[in-house]
Amino acid sequence: MTLNHLAIGIVLTLLATFLFGGKKRGFFLFTFSILAVYALQPALPIRYLDFYLPTTALGLALLAWNLATPREARFSRENLLSLGWLCLLILLLGLTRILPFASLLTASAPPRLELVLIALAALTGLPLLLGYAPKNRVIPLAIVALIGLLALLKTPEISLEAARLLRDWNQQAVQSATSFDIRWIGFSYIAFRLIHTLYDSLKGRAPAASLQEYITFAFFYPALTAGPIDRLERFIKDLRASFLPSHDDWDFIIRRLASGLLKKFILADSLALMALNPQNAAQTLFTGWAWVLLYAYAFQIFLDFSGYTDLALAIGRLAGVRLPENFNQPYLKPNLTQFWNNWHMSLTQWFRAYVFNPLTRALRGTSTPVWGIILLTQIITMTLIGLWHGVTLNFIIWGLWHGLGLFIHNRWQDAFRVKVEAWASTPPRRILTSLSGGLLTFHFVALGWVWFVLPGPASALHFFSLLIPWK
Amino acid sequence: MNIPPFRALLKGLTLAVILSLLLPLLPEASQVSAYNLLFPGRPRLPFGETPAQSYNLSLYDIPAMFAAHEISQPKAGDEFRVLVLGDSSVWGTLLRPEETLPAQLNAHNLAFCGKAARFYNLGYPTISLTKDLLLLDYAARFQPDAILWLTTLEAFPLDKQLASPLAANNAERIASLISRYRLTLDPRDLALAQPTYWSRTLPGQRRALADLIRLQLYGVPWAATGIDQFYPASYPPPQTDFEEQDDKFHDLHPPLDENQLAYPILRAGIEHSPAQVWLVNEPMLISAGENGHIRYNFFYPRWAYDAYRAQLADLANRVGWNYIDLWDLLPPEEFTNSAIHLTPAGESLLAKALAERIKFDCYPAK
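Just so you know, the protein sequences line up as chains B and V, in that order. Every letter in the first sequence is one number past the one before it in my numbering, and letter 412, counting from 1, is 412. Every letter in the second sequence is one number past the one before it in my numbering, and letter 177, counting from 1, is 177.
Careful: at least some of the hints might be erroneous.
Unchecked claim - Pair ranges (Cβ atoms, derived): (1) B:L149 x V:P237: 46 to 52 Å; (2) V:L209 x B:S76: 52 to 58 Å; (3) V:Y138 x B:A173: 48 to 54 Å; (4) V:T14 x B:R255: 17 to 23 Å; (5) B:R411 x V:A34: 42 to 48 Å; (6) B:I147 x V:I213: 41 to 47 Å; (7) V:I213 x B:S76: 53 to 59 Å; (8) V:H108 x B:G456: 42 to 48 Å; (9) B:E157 x V:A193: 48 to 54 Å; (10) B:N341 x V:T14: 39 to 45 Å; (11) B:P42 x V:E333: 44 to 50 Å; (12) B:R77 x V:I213: 54 to 60 Å.
Source of the hints: derived by calculation from the structure; they are not laboratory data. Glycine is no exception: its CB is placed at the ideal position from the N, C-alpha and C atoms.
This is chain V alone, in the form it adopts within the complex (with noise of 0.2 Å):
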């Protein structure tokens, strides 16, 4: 049949104009994904900033993201779901999928209630509680029957919330997660892109479908290289010199207030977690360099760090939760490019102290 041109034409444009404004009224087709299909699921969420080279991009999409990842399998019978949630040190910046700490707590072939229990990476190379909710509030679906929680103060600063891109850009979201649990955040903060009915048109929705589709295609060579991150060949060693009087910490002054940092985000995410949750602090660089004395390293100065972990305990013993503080288990040659980045070597030792002090609860998963 011989259509002609014109008319074909109008017919393409009619049927993407009729596309584009109900795409706003179908249902989230971000979840249909070929990983765990045709390609095996990602151990860890999808990021990367040179997708070229890392066959894995940045996306702000939270079912594609989870879609993508191997927990998304039906979990076996005789599975113990952890999920270990935290910032770019869980995710494993500069650490090969077997190396981050997941794997190597899943290398130590641990059992709870029976079972076996199997680590999912749920870490995210970016720092912020809320944006550590936001993933655990989605991942309730995946029945866990534990949460490993790792923090660290850099996570708190209430500037620091929503600046997570990943936050930002689920704003509906962020506010369903502010009314259910009465957070003392602003769902119409500038930081959070609220969301149009032009911006779920097709046009407007753009980005996020080439996102989606180019994750999908690189499922092809993280399929074939199992590699999902770029590894430099070198990379600038942590900072370990300060100036002198350099006793910042955002916009906060000496004693460190509670009020300006926020644990109600913490204690929302622990007290409504879908499983029971252990909270660690994690292990990070503590610095013999000049004025060592003043910072312990990059990111804290002491006087916050020590105030912070008081604080923290307390907090923790007072309510009764599972904590553990592992602020200075590791010497500095365990930390790669960041105070808080570990070597394989950091990590395993991480994943030893853990595996010997978590002792989860036999309770059937919420």
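For reference, chain B alone in the conformation it holds in the complex (with noise of 0.2 Å):
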């Protein structure tokens, strides 16, 4: 997202609230979450591609909702009409390329009339007919197909296979494909929201939702690019309620919009020319210098993510929709199971709902030990919450680094918390308990981030020898 991207967002958001303050702002903010989707993509080498992306979030979007909703409730009046208005609203997107503005919404001139006539009717005629078939067959498939695709767009290698592919279907140099060419704005947030509703609705605790409200949940303008990731019934009751912002409402955008701007734009951006990154990780020949580098990478990572959630917010709040907080201070906590608490919050959450909760209750049924239960889950847990991130050997490694740290810190509390309760029962103990907590804490993230940002277990473990030169 660029100030840019942000400043049109904040207009057209306030159009919305202020001319059409009740539920009608609901079609605004479907229209312009759509459009979003677009002009948000990044422009790609594979030709047409920065469009079929877009349009096939949307049909995937279209496909979960026909899954989610009951057959009955489909076919309204009201949901017609949206369909509709999203496949006008493609239409007149592709026939901005005969305009000479081909661009101004789109990352590059859209496709023939013809290949955006095949794409609607693709879009639509999918979803449709494979809403007919058994849902408890159905969701476990579109759910596979969308992990499957999460990991596709993950994996450097896969994605490099999809771009040749593509290239070569699409008569384009097959030497010249790289892993970048798929990049897909929003799909790891936009994925998970869809899997939400599916299991949900598999589970028969789904929300009813209109395909208005369904879209605009998926794809909230806002959100889209960095979370945070909604729940939908939290979502819709927003959604429906009629809003003109309060005075705590503008305090709370004001704020958040300050501070968004602050962290993302002046102070991330400005770490980023010395942070931690695969080059200077290379090249860096003295260890307190390397520390530097560390922390700086902390706090930029810390800032930018948490700069984007302010940012997000705050928009949200000015359409009426309290979005999930993200960031909870999560450097000043004494303990990695409270900075997981407050860490990437929506993510965290959604995978306890969805993978540590659902594995610990399959695991209580089993003969294994309560440490055993708590090493699995914490360690499957945060391994696919590092797969999340991407497909490779160092994200594992992050995964499994933070999965072990859970692991310790919780027998570790198991052990000596009421030790170290009982010793920490002066002002100045509890501060120091307080504090070295915090300052390991903080530095057991940080050195996991060394697992993050470097491309590969060598590099990383370059990086680490010059952190602790132990030779």
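Fit chain to chain and form the complex, with the hints in mind.
In structure tokens form, the structure reads like this:
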């Protein structure tokens, strides 16, 4: 998201809220969200892919909504009108090809009209057809397909092969393919929102949402590129309520906008110039400066991500949607468990709901000892969180690093909590305990970022040897 | 205290407007630098077209550039300070800091007047005598004992004088040089970006301020890596084959007219220099390729360069300058990607030649 995107987002949201403050604003948020999927998608070297990827995302959301919505509710007048409007918008975007400002709303000129019509037919036809299939069979398949797509995008080798295939199909230079050819803006978040609603629908606890509400939820433009990952039942409650910003809302919006701009565009972007990256990790000569680069990265990633979240929350609130918080001073927490309860909270809550809790419940029914259950659930959950960032060895190690860290902290707390609490009976001792815990946690997390930011174990180990010269 | 958001917004905006309007009236803040304080000073002036790879960037704020340079450190009592002026060949394109001419001269551990000589790299990668004079004029405050000024014919044509972005974006300093040294340049030349009141306000200064901040931030990776330049894995060699009849040199025609070259600027620089000057005609590639009998290299046809050498030697002799002509010192293999950029070995040979020949006089710094 650039400053221009931000400014446009704020102006459009203000218009939607003040001109159509009541329930009608939902229609405008629906429209802006669809347009944002195309507008925020970066240009790609594979011809028309920057048009097809957003269209496919909308098709997948339409499929998920079809599967999650009872058949009788799907063909209401409101939903048919929403579907018609969605198709019309895509058609109009396609028609901008013939206008002089062809790439005003899309990254590059859209495909020819007949190709747009084919895409539209696939976008609407396939989900409608699959909507008639038995829910309990199609939904698991849809979830697997979404996870498969995520794996394709996140695995550099598979992504590269897919890029080669698409280039070949498009009669473009196959040898120029890279794993960055398929950059699908916000898909990690979109997929998780769709999986959440599909899974809940399978369990019979998904709320009934109109097509307009569902599409707005899946592609809500303030949260499209960097979250947070909301829950459908909470989101539509806000969307259905009339909204005019109160004094408290303005207070929240201005503070979060100011904080987000400061964090993202001033502090994080400045720190990015000196933060650890694969290039400077290989070139650094001195231990002291290596630590400075690592600290700069630790703060840059936090300020960048939480700055984005602040901006998303501010624009969301301007639209009358209270998006969930994602960060709550994570680096000030005294232990790793609390860190993970306050870092990228919407993602960790998602994994808690759909991985950690079901896995814990499943293991409790076995003969696995408690410590074994804790070890397995922490390791599996954190490794999956690592894989969500990318299917590489370093992301797996990063996940394991935190999974083991959480397990060790859990065991430590079980063994020593009473003793530590008894020792920390005076205010100075309490401060010392909290401070040392905070410093230890911060450094554990910061050292973990080495795995996260560097491309392979060799470069990470080289940098560790620079940070802690043991020879 | 809970300040109402709109009031806070209004106060912030008011402060921003006041600060912006006051900025043109405030003294230069760009001499404040984290270099030589938090990070080591840079051994050469900031310059870089690929900041993310070189941890360096080009900016036009001369005080900020010098504040980032190691020359801003206090001068030691036993130091004989020599400033080395010139173009990219002195700055050291494609060379590591320790491979540049000033660094290689330092490796000779020379001593003058009972003091240890320390050579400072004030080369800058554009070719213009006016740009050199601009830097020399500012560098006077750093108590030099001597100046080693390397130059080449390409720095002399009048149309090159303000073409350097550093000169073009320092119109006030250039106007001051023109006025003080009665140079035959036009202070209202369209090549000069003339400052206005608004260009001095906060919005007008946003690019300069951003560059200044970025320069400070790049101090961290510079200190961590010692890298201040992007080193490509390969680069094209300098041109050695030329077209038939290709004897062009700017818009000049034989015989080479002295009045079309910036000798008065060189003269002003040497005569008003803060310290004694040794002038060096720098080495260049002498091509033995196709039509090498017409052109020495990409820059020079033989007729122009031969005439320039004769003119410069004659002038130096007439006015009594310390002048060394090293134009043909190096074989073609000691040049990298241009007819004036040297290999580390080439710089070493040049440093050796200079170390043997320069003899600075012992009189106090001006």
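A quick look at each hint next to the structure:
The hinted window of 46 to 52 Å between L149 (chain B) and P237 (chain V) holds, with their beta carbons roughly 48 Å apart. At roughly 57 Å, the beta carbons of L209 (chain V) and S76 (chain B) sit within the given window of 52 to 58 Å. Remark: the range hint 48 to 54 Å for Y138 (chain V) to A173 (chain B) is upheld by a beta-carbon distance near 50 Å. At about 18 Å, the CB distance of T14 (chain V) to R255 (chain B) agrees with the hint of 17 to 23 Å.
In this structure the supplied range 42 to 48 Å holds for R411 (chain B) paired with A34 (chain V), their Cβ-Cβ distance being about 44 Å. Taking the beta carbon of each, I147 (chain B) and I213 (chain V) are about 43 Å apart, inside 41 to 47 Å as hinted. A C-beta distance of roughly 56 Å is found between I213 (chain V) and S76 (chain B), which places it inside the suggested range of 53 to 59 Å. Checking the proposed 42 to 48 Å range against H108 (chain V) and G456 (chain B) shows it holds: the Cβ atoms sit about 43 Å from each other.
Checked against the hint of 48 to 54 Å, the C-beta distance between E157 (chain B) and A193 (chain V) comes to roughly 50 Å, which is consistent with it. Our hint of 39 to 45 Å for N341 (chain B) and T14 (chain V) holds, since their Cβ atoms are close to 41 Å apart. Remark: the range hint 44 to 50 Å for P42 (chain B) to E333 (chain V) is upheld by a beta-carbon distance near 45 Å. Between R77 (chain B) and I213 (chain V) the beta carbon distance is about 57 Å. The supplied range of 54 to 60 Å therefore holds.
Hint check: no violations occur; every hint is consistent with the structure.
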